[in-house]
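Student: Sequence:
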Amino acid sequence: MLYPEQIIEEVRLRNDIVEVVSGYVKLEKKGRSYWGLCPFHNEKTPSFSVEPNKQFFYCFGCNKGGSVIHFIMNIENLEFVEALKFLADRAGIALPETEDPQEREKAEQRKVILEINRQAARFYFRSLAGKDGLKAQNYLKKRGLLAKTIKQFGLGYAPAEWDGLTRELLKQHFPADLLIKSGLSIRAKSGELVDRFRDRIMFPIFDIRGNIVGFGGRVLDGSMPKYMNSPDTPVYNKSRELYGLNYARMSPSKRLLIVEGYMDVISLHQAGIDFAVASLGTALTRMQAWILKKYSEEVIIAYDSDSAGQAATMRGLDILEETGCNVKVLILPEGKDPDEYIRIHGPDKFKNLIDRAISLLDYKIRVQRNMHNLDTLEDKLKLLNGIADTLAEHDNPIERELYAKNYAQEYGISYESLLEEINRRASRKSRSGDYSRSVRDGRDKLPAIQNREGFDARYSELEHMLLVLLCHENRFFNLISQNYDLESFRDRQAGEIARKLYRKLEENKSCVLAELLNDLDPGSAGYLVRLSETKGEVKEPEKAIRQILYKLEILKLEDLQKQTIERIKNEQDGEIRQQLGLEFSIRAEKIAELKKKL
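Note that my numbering has the sequence shown beginning at 1, numbered continuously upward.
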């Protein structure tokens with residue numbers, strides 16, 4: 001264990017899971033639990049639950065679950081120690097220095113990779129300023145970038161040679177394996193270590209703390225791919241980062257403008273629009289949407305006006321809406337991107353476009369209007385049905401009424417009939433996507449663990465459930481351990497969990513589920529949380545525990561019966577066969593007695 005258990009437990013107890021999760025996820029209380037859209041996978045019906053009493057979270061959609069520490073590990077892409085430090089800082093707890101060699105090694109590895117990235121950025125920056133970087137310099141000047149902007153964003157140039165950066169980093173005594181892990185060097189077919197990025201303009205990617213976590217590279221000729229990004233590394237995950245956020249989050253505007261590319265972000269910042277960011281990939285991810293919500297009061301999406309840009313806008317809007325962001329859409333003239341528009345028309349006109357950004361509903365209906373020419377009654381009916389569907393998905397009933405009144409007048413239909421149709425569809429959607437249905441659909445299935453080593457389907461759920469009950473009811477430790485010791489566990493995963501739980505109870509005399517989760521791998525933690533959620537509150541825990549013990553004893557006796565039958569079949573000695581038959585009869589009576597107790 002990296003830190004003493006009492007310190008880990010203090011950090012956990014001082015960070016209420018509902019408060020922590022609420023900083024990332026919009027939660028709504030339903031019964032004893034809080035529910036929201038899962039930040040770890042795309043969904044439209046909430047299946048992500050937080051249990052304040054038990055202090056853990058669980059998603060019935062993707063099976064992620066655990067304590068508040070597991071949540072921070074997942075949401076912030078941190079190792080256990082880093083997540084613990086994150087929460088300790090939040091709670092004002094001073095952590096002692098760790099002496100765990102494995103965790104120290106992981107932390108040191110991340111530190112070295114960040115330094116590799118920093119030195120790589122310096123190398124690229126120097127290369128841009130040198131004679132080999134003339135072509136890149138001319139390109140950036142042509143795009144209108146000033147020297148101070150290039151310096152602010154740390155732009156650089158990766159030389160065309162095969163291993164220029166790699167040789168420089170090896171010269172600085174960085175280990176070859178970490179150059180590969182950083183994503184900056186790769187093994188050629190010959191086995192030699194070479195550069196990943198060659199003859200490209202380089203864009204360092206900063207995290208919110210100002211660390212360089214990755215790079216993007218743009219070609220200077222017409223070759224493909226036009227852009228290449230760092231792969232995911234121990235310090236970089238493209239689904240969790242937003243280019244330019246390290247600057248944009250400090251903007252006094254309290255808004256964030258999402259654009260598509262590196263150059264869009266840089267041009268906007270140079271023009272004084274200092275709240276622009278870009279997603280690092282083809283589409284906005286749910287994790288990025290949560291981050292946008294965390295750092296802004298309003299999100300404006302401004303993807304390119306081509307068909308691909310419009311498709312990306314619609315996908316991004318859906319994710320932002322589900323996340324609970326206050327969203328607007330900036331309409332760009334046909335064929336323009338933000339960088340190009342600013343170079344042609346100047347920053348003031350672009351700021352006017354920002355001020356005229358339309359609401360999410362207006363944009364969705366605008367898109368539907370553009371799909372129909374309205375010359376025929378059929379097209380008009382399709383549009384009105386589309387409007388009704390769009391407004392039905394909107395949560396605010398007052399806004400639904402106002403929009404319904406406007407469109408009823410515009411298209412010459414009865415306001416009452418349009419509103420009635422909208423409300424009917426809204427009611428239907430609400431019934432088909434309520435919380436209880438999402439839980440009911442999810443609770444019938446436990447996580448797919450059958451393929452793991454040491455899995456025994458007959459024992460697995462019973463043994464895991466026994467451990468869940470023991471976490472909630474520590475006072476029954478003697479009852480369980482005396483009837484089902486560590487050697488009794490048939491399922492390997494359950495046995496490993498039992499060893500940790502029994503040890504904790506023997507040492508501390510108490511252990512709650514959230515505390516045990518800190519010691520488990522994500523798969524084991526998620527499975528235990530899922531079982532706990534699935535079974536709900538147990539009104540008679542002692543009875544439930546005894547029932548599980550009876551069932552486990554029956555399984556064990558039935559296994560012995562099968563073995564005895566095989567032995568009788570193969571035994572030649574009459575006396576031994578008779579003895580085996582007697583044992584079989586005694587066990588059969590025992591099984592019958594146990595079944596009566598169920």
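It should be emphasised that the hints constitute simulated quantities derived from the structure, not laboratory data. Note that this is a predicted model, so its numbers are computed, not measured. The reader is advised that the hints may include incorrect statements.
[What the hints assert, rightly or not] In silico BS3-like links for lysine-lysine, alpha-carbon gap of 27 Å or less:
no., residue 1, residue 2
1, Lys254, Lys30
2, Lys26, Lys111
3, Lys504, Lys85
4, Lys254, Lys26
5, Lys111, Lys29
6, Lys349, Lys29
7, Lys141, Lys131
8, Lys562, Lys504
Student: If you check each hint against the structure, which ones fail?
Tutor: Structure breaks hints 1, 2, 5, 6 and 8.
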